[in-house]
Amino acid sequence: MRDRKRHLIARRAAQEIEDGFYVNLSPGIPALVANHLPDGVEAMLLSESGVLGFRARLRESENEPAVFNAANEAVTICPGASFFSCADAYAMIRGGHLDLCILGGLEVDEAGNLANWMIPGKMVKGMGGAMDLASGAKRVVVAMEHTTRDRKPRIVRNCTLPLTGLSVVHRIITEMAVIDVTPQGLLLREVASELSVDEVCRATEASLRVDKDLKIIQV
Amino acid sequence: MTRVFHDIQQAIADIEDGASVMVGGFGLCGIPENLTRALRDRGTRNLTLISNNVSTDNVGVGLLLRNSQVKKMVATYVGEDPFFEKLVLNGQVQIELSPQGTFAERIRAGGAGLGGFYTPAGYGTIAAENKETRTWNGRHYVLELPLRAQFALVRAWKGDRAGNLIYRATARNLNPLMATAADVTIAEVEELAEPGELDPDSIHTPGIYVQRILQGVRYEKYVERKRVMPLNAGQKAPPHRQAGSAGD
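Quick note, the sequences are listed as chains A and B, same order.
For the first sequence, the working numbering gives the first residue as -16, with consecutive numbering after it.
For the second sequence, the working numbering gives the first residue as 10, with consecutive numbering after it.
Worth flagging that the hints you see were computed from the coordinates, not collected in a lab.
Possibly wrong hints are sitting among the right ones.
Stated by the list, open to error - Okay, derived cross-link-like pairs now, SDA-like style, lysine to any residue, Cα gap no bigger than 25 Å in a straight line:
id : chain 1 : residue 1 : chain 2 : residue 2
1  : A       : 198       : A       : 94
2  : B       : 95        : A       : 94
3  : A       : 121       : B       : 126
4  : B       : 95        : A       : 103
5  : A       : 105       : B       : 92
6  : A       : 108       : B       : 225
The model shown is predicted, which means the values in this text are computed figures rather than measured ones.
Assemble the whole structure, with the sequences as input and the hints as a guide.
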């Protein structure tokens, strides 16, 4: 059930990738997006480990070079790929060269603030590249489950967890809805086919305006 | 000039207790396996290690942590090691975390003689606490300071006796940055060549940055996670671009 939910989110998030985009996918739900690219869309995936143009491996092979993505998965490169240092990878990220970054989330709030790296009281694992990605990519989409495992809203008025970035999120994609961050607050753009707007609002702490052109999520 | 070492213990003989040491690698990729094993054998203590991750129990920084040689870790992500978690929670190891791009750039700045730089990463978060901030063109930036160490342990694919290094694939990662940012850079290479054998156009790290070089042994393949797509899973053909369609 949870797995199905995660793949649904990934399938919708994959529609954010336009042909020719340079994209970064974070570990977790965003990493699943690579398996759901729409037909005819070709994207170059960037990994902070220093490769542009990789994909999941098709088969085990012993003679491949040491290509790892940022989640330390052994991956395969595509024609046109390139390797570089981590400083170059982050120059691409911060320098506005990355079209889209899809990040996971713990909380997003009405101002587009994102918290996704630390839960107080638990071991600090480190922010990795999340802060650089959140503040650097041209467009930041957060793909996450709409609520926590005990059904608390993740889309809140104000983030309570330590932030990853301030006013960085452009769009939130969950299994229930697609929500844009706008200067006027959060705007509900799409809802899941089996849900009403009321049901989405009840699962959301932040206040939502409803787009006059509200659509059903197509996945 | 670069000096070639045959005895790895001689190559690290002046790394004393309390030293600061950069260790190349990203996860388990591109780790100076021989040099970290040798430093474990040497038993140097109270080290400050600067490394992207903490790696695992049988390789790299993990060896030194398990041998109680580390006082402080400067890193970006340490989430894969329960042993390390215990060390931190027990107060046995201090930890300083940087956003990953900031970490890489701090090292680059350290090696390039810069006094620091302003980055948008981490603005408005606890990563920016007690740091100077500036706003240019409506964008907010945090001042980050350079990072250097007494020693850098790096690993390359090919090197020559003049200290030139070539890395392979994502094993490059932080190695070329760290090579520039230490008083003494010690490189282990999978293949050691004579000067002139490597194409000067293909050198990633020029020999000026490398004080010591040695041929490594026993390189193993480590993979933290395997993700192999089934062949019939609807995997699309690899992205391929026509000349002229990219980079606009």
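Comparing the hints with the structure gives:
Our distance criterion of 25 Å between C-alpha atoms is met by residue 198 (chain A) and residue 94 (chain A), whose separation comes to about 23 Å. As the CA atoms of residue 95 (chain B) and residue 94 (chain A) are separated by approximately 36 Å, the hinted pair breaks the 25 Å bound. Between residue 121 (chain A) and residue 126 (chain B), the direct Cα distance comes to roughly 21 Å. Compliance with the 25 Å bound is thereby established for this hinted pair. This hinted pair checks out: residue 95 (chain B) and residue 103 (chain A) have alpha carbons roughly 17 Å apart, not beyond 25 Å.
Distance check on the hinted pair: residue 105 (chain A) and residue 92 (chain B) sit about 15 Å apart at the alpha-carbon level, within 25 Å; holds. Distance restraint check for residue 108 (chain A) and residue 225 (chain B): the Cα-Cα separation of roughly 31 Å exceeds the 25 Å cut-off, and the hinted pair is therefore not satisfied.
Checked against the numbered hints listed earlier, the structure breaks hints 2 and 6; every other hint is satisfied.
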